[in-house]
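Chemist: Here are the chains, one letter per residue:
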Amino acid sequence: MLKDSAKHFCRSISYDDPLEVCISKIQGLLLSDYRMSKRALALLLLQEDKEIVDTVRDKEGERFDKIMGIVQETKTHYLRPLTYIISLRRQKEASRIAKLTVGFPGQQKLSIKEKLSKILMDPIIGGPILLAILYYGLYKFVGNFGAGVLVDFLEDKVFIARLNPLVTSLINKAIPYKLLQDLLVGEYGIITLGVRYAFAIILPIVTTFFFAFAIVEDTGYLPRLAMLVDQLFKKIGLSGRAVIPLVLGFGCDTMATMVTRTLPTKRERIIATLLLALAIPCSAQMGVILGLLSDNGIGLGVWLGVIIAVFILVGLLASKIMPGELPSFYMEIPPLRIPQVSNVVRKTASRLSWYFKEVFPLFIFASVIIWIGQITGVFSLVVKILQYPIRWIGLPDKAAVAFLFGFFRRDYGAAGLYDLKKAGLLSGNQLVVACITLTLFLPCIAQLLMNIKERGLRLGIAMSLFILFFSFTVGYSVNLVLTLFNIRL
Amino acid sequence: MLSEHAEEILEALWIQIEEQGKKPMDVGAFRDDPAIEELIKLGFIRRDDAHIHLLEAGRLHALACVRRHRLAERLLTDLLDIRENVMDTVSCKFEHLLHEGLEDKVCIILGHPKTCPHGKKIPPGKCCLEKRDKKLLKIISSLTDLETKEKGQIAYLETKNASQMQKLISIGAIPGVPIVLVQKFPSYVFKIGHSQFAIDKELASSIYVRLTK
Chain P
16 MLKDSAKHFC RSISYDDPLE VCISKIQGLL LSDYRMSKRA LALLLLQEDK
66 EIVDTVRDKE GERFDKIMGI VQETKTHYLR PLTYIISLRR QKEASRIAKL
116 TVGFPGQQKL SIKEKLSKIL MDPIIGGPIL LAILYYGLYK FVGNFGAGVL
166 VDFLEDKVFI ARLNPLVTSL INKAIPYKLL QDLLVGEYGI ITLGVRYAFA
216 IILPIVTTFF FAFAIVEDTG YLPRLAMLVD QLFKKIGLSG RAVIPLVLGF
266 GCDTMATMVT RTLPTKRERI IATLLLALAI PCSAQMGVIL GLLSDNGIGL
316 GVWLGVIIAV FILVGLLASK IMPGELPSFY MEIPPLRIPQ VSNVVRKTAS
366 RLSWYFKEVF PLFIFASVII WIGQITGVFS LVVKILQYPI RWIGLPDKAA
416 VAFLFGFFRR DYGAAGLYDL KKAGLLSGNQ LVVACITLTL FLPCIAQLLM
466 NIKERGLRLG IAMSLFILFF SFTVGYSVNL VLTLFNIRL
Chain S
25 MLSEHAEEIL EALWIQIEEQ GKKPMDVGAF RDDPAIEELI KLGFIRRDDA
75 HIHLLEAGRL HALACVRRHR LAERLLTDLL DIRENVMDTV SCKFEHLLHE
125 GLEDKVCIIL GHPKTCPHGK KIPPGKCCLE KRDKKLLKII SSLTDLETKE
175 KGQIAYLETK NASQMQKLIS IGAIPGVPIV LVQKFPSYVF KIGHSQFAID
225 KELASSIYVR LTK
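If you're matching them up, the sequences are chains P and S in order. Counting from 1 along the first sequence, just add 15 to a position and that's the residue number in the numbering used here. Counting from 1 along the second sequence, just add 24 to a position and that's the residue number in the numbering used here.
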């Protein structure tokens, strides 16, 4: 509650003498226009804020050295870093104001919320709770409902049965050129594949995922999860904070790669991007793989075991090899709250629109690439080349097509395997090896482009080459082990 | 017993040679200093034509002196709230009163601080390595050595690592703020004001808390 005395506190804080003298000296040397108070600027300079120092270097020319000279001189007046001194003074002022203006009603007993919060942060009970949330939120709601019921409806009933034939006949009438018809409404056309993919498959999956994610997020569970996993994540070079993009990756890796922006250091962003691309299957892909291996419990177990092992191994190695500042973890743990429907809906909607702005163009771009690949014959060439590694990992040549398509649409590749399985071309072993390799294999093209966009051309390409090589090596090794020990899955 | 003046010379020698990695001290100002003779007799230092060198026995003794000096500084600022500008003169006298055994008690009370208020390293003593002080009176302690539900005020932040300190400041963990430790495992969770924060062990070890009952 706010006390009546909260009247006029709008004045600047005064610091002690040496600091004040230096502030006014610096203010006098800042002659350019910065669109902010010179005093604030001087304070930031004294704290050696990197961005501000760079700006002032650009704008003040020869006066810059003089200014930094004053900063250095100021430091000699204090034992501790200036940031510390300035923050301390501000804190003092803030608590003074708070004391005068805010009062707190008496202490309440440990509320239900606080008890629940304790349970969520318990290292032992926390595990099963996480599994329950993953099962109901991710598997049941996003997997079964979003990727199953909704996708079936939109894809089969709306696009394939109605929209596609309608658009195809319209375009074929309006544009008499076969090549352009193919680009727009062919088998891999912008509208028939790109738009359909975006709206009939990605939209329902991502919507349900964002919806579930927003609910979990608004309860305040995520920081508690981050706090639980921090020590484990440190081993793979990440901090607990990275749990958020990694969990998002189970929805859509492309989106999650974008969210790695929230990680504080470049090192963490690179490791997270690599792990997302390699070992976190997106919801679309996971749906199909679960379908493929659903009647083969041991096979599913092997798949899961290998993917988890790869995740841990690559994380451990990356954290050993990568240079840079070690991650440190600090996060506010907000009180638990019951999510509000309006907030959840608004959040889901704004994320969706942001997502489509960033990712939709990539789908269109993918369609164009496929179109070019087909008319130039590059595709059939790539399929031929891919057949070699495919043979090394013990799969039939036909699987090459599934792998190439897997690159353009992660789940599409798995769906290609589904056809091979139905035709009886794959043994249990081959199916497991194929699923492992495909999960690890190059991220879909949208994610590849996002990797390049976020991490830069050089690193994006290097990562993809590593993944390409690595996924087939793992597939090869798994196949070798299964054959050597004469295991039939 | 070494004279105060001789102890100070030893300290200065150690800081120059061991801590700052500079060359041995010039004989210059100390040419006719009786303390130098005292130190040479004890086998603590060696003098050649131009320089004074620190010997192994002297190094150990100097280390203990530096430790006492810096602990004294911590004691004066953290507990007795002596202002920084007068601290030097007081702590110089005070350190000579802290003798073996006593210094470790002070170290325990202060929660085994790693740096002095100026940010320089305090050489660890036996007590810091053993840490068998659970039962003993503890007045200041790093957050990692607190038990859950113990509370106090933040006494100071270890300011060695600037980026770590920035992070702590950004979440409002600043000297003077009341703090309660809520949980220790798997991460450190504490409460300041009405907010809870989770931090890792590295960050937690740089928060020093003055305990309150």
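Don't read these hints as lab results, they were simulated from the structure. Careful, some of the hints might be misleading.
In silico lysine-lysine, DSS-like type, Cα no more than 30 Å apart, as pairs [to be verified]:
{"#": "1", "chain 1": "P", "residue 1": "K281", "chain 2": "S", "residue 2": "K184"}
{"#": "2", "chain 1": "S", "residue 1": "K184", "chain 2": "P", "residue 2": "K128"}
{"#": "3", "chain 1": "S", "residue 1": "K117", "chain 2": "S", "residue 2": "K65"}
Chemist: Each hint should be assessed against the structure and marked as holding or not.
Modeler: Here is how each hint holds up against the structure:
1. The straight-line distance between the Cα atoms of P:K281 and S:K184 is roughly 23 Å, inside the 30 Å bound, and the hint therefore holds.
2. The straight-line distance between the Cα atoms of S:K184 and P:K128 is roughly 38 Å, outside the 30 Å bound, and the hint therefore fails.
3. Using a Cα cut-off of 30 Å, the hinted pair S:K117 and S:K65 holds, with the two alpha carbons roughly 25 Å apart.
Figure legend: structure checked against the earlier numbered hints; the only hint not met is number 2.
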